[in-house]
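Q: Sequence:
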Amino acid sequence: MPNTTPRIVSSIGVVPVYASDQDLFLEFYTEKVGMELRFDSEVHPGIRWIEVGLPGQHANLAILAADAWPDQPARTNWMTLHTTDLTVSMKELAARGVELSDRVSAPYGDFCTFTDPDGQQVTLAEVPL
Numbered sequence: 001m002p003n004t005t006p007r008i009v010s011s012i013g014v015v016p017v018y019a020s021d022q023d024l025f026l027e028f029y030t031e032k033v034g035m036e037l038r039f040d041s042e043v044h045p046g047i048r049w050i051e052v053g054l055p056g057q058h059a060n061l062a063i064l065a066a067d068a069w070p071d072q073p074a075r076t077n078w079m080t081l082h083t084t085d086l087t088v089s090m091k092e093l094a095a096r097g098v099e100l101s102d103r104v105s106a107p108y109g110d111f112c113t114f115t116d117p118d119g120q121q122v123t124l125a126e127v128p129l
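For the sequence shown, the numbering used here assigns the number 1 to the initial residue and increments by one for each residue that follows.
There may be inaccurate statements among the hints.
[Unchecked claim] Have a look at the derived ranges for each label pair, beta carbon to beta carbon:
1. V98 <-> H58: 15 to 25 Å
2. T4 <-> P45: 43 to 53 Å
3. Q121 <-> R38: 13 to 23 Å
4. T4 <-> E42: 16 to 26 Å
5. E31 <-> T87: 40 to 50 Å
6. S101 <-> H44: 13 to 23 Å
7. T4 <-> D40: 40 to 50 Å
8. L24 <-> E92: 33 to 43 Å
9. F28 <-> A94: 31 to 41 Å
10. E31 <-> A59: 16 to 26 Å
11. T5 <-> D67: 34 to 44 Å
12. A94 <-> G56: 26 to 36 Å
Since the hints were derived computationally from the structure, they do not count as laboratory data. Cβ coordinates follow ideal geometry from the N, Cα and C atoms, glycine included.
Using the sequences provided together with the hints, build the complete structure.
A: Right, here's the structure in full:
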């Protein structure tokens, strides 16, 4: 019997890796692991955001300076999941008992957040097909 349950998540988006030395991690993941640099910019004063990923894949690792994110200790993770229809996915998650933030519209896209059973943040972002 085919699965008729609505698909809530379409892909993994971004997973953070907290690094003591961003340049060292960038070199490791690009030169040793074979990932490609996808993004490298100062997104807020003093906050450098680096994303790397595998060629042909959409999932990225965000290499973040551990000391720039004091509220996110290295043992705590959060991730971004992608959906092609945030409205439908939010309704489905809410129907399943997941407490969601309000939908946020930002220059880089629309998203909402929720937490996993351990209280770690998960972002659900709408991306085009």
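Q: Please go over all the hints and tell whether each is borne out by the structure.
A: Tested hints:
Look at V98 against H58: about 23 Å separates their beta carbons, and that is inside 15 to 25 Å. Checking the proposed 43 to 53 Å range against T4 and P45 shows it holds: the Cβ atoms sit about 48 Å from each other. Under the hint 13 to 23 Å, the C-beta atoms of Q121 and R38, about 21 Å apart, fit the expected range. In this structure the supplied range 16 to 26 Å is violated for T4 paired with E42, their Cβ-Cβ distance being about 46 Å.
At about 41 Å, the CB distance of E31 to T87 agrees with the hint of 40 to 50 Å. Distance hint check for S101 and H44: the Cβ-Cβ separation is about 20 Å, which falls inside the suggested range of 13 to 23 Å. For T4 and D40, the Cβ-Cβ distance of about 42 Å falls inside the hinted range of 40 to 50 Å, so the restraint holds. L24 and E92 have their C-beta atoms about 41 Å apart, which keeps the hinted 33 to 43 Å range intact.
For the hinted restraint 31 to 41 Å between F28 and A94, the CB-CB distance of approximately 40 Å keeps it satisfied. At roughly 19 Å, the beta carbons of E31 and A59 sit within the given window of 16 to 26 Å. Taken as a hint, the range 34 to 44 Å holds for the pair T5 and D67, whose Cβ atoms sit roughly 42 Å apart. For the pair A94 and G56, the beta carbons lie near 34 Å from each other, so the given range of 26 to 36 Å is met.
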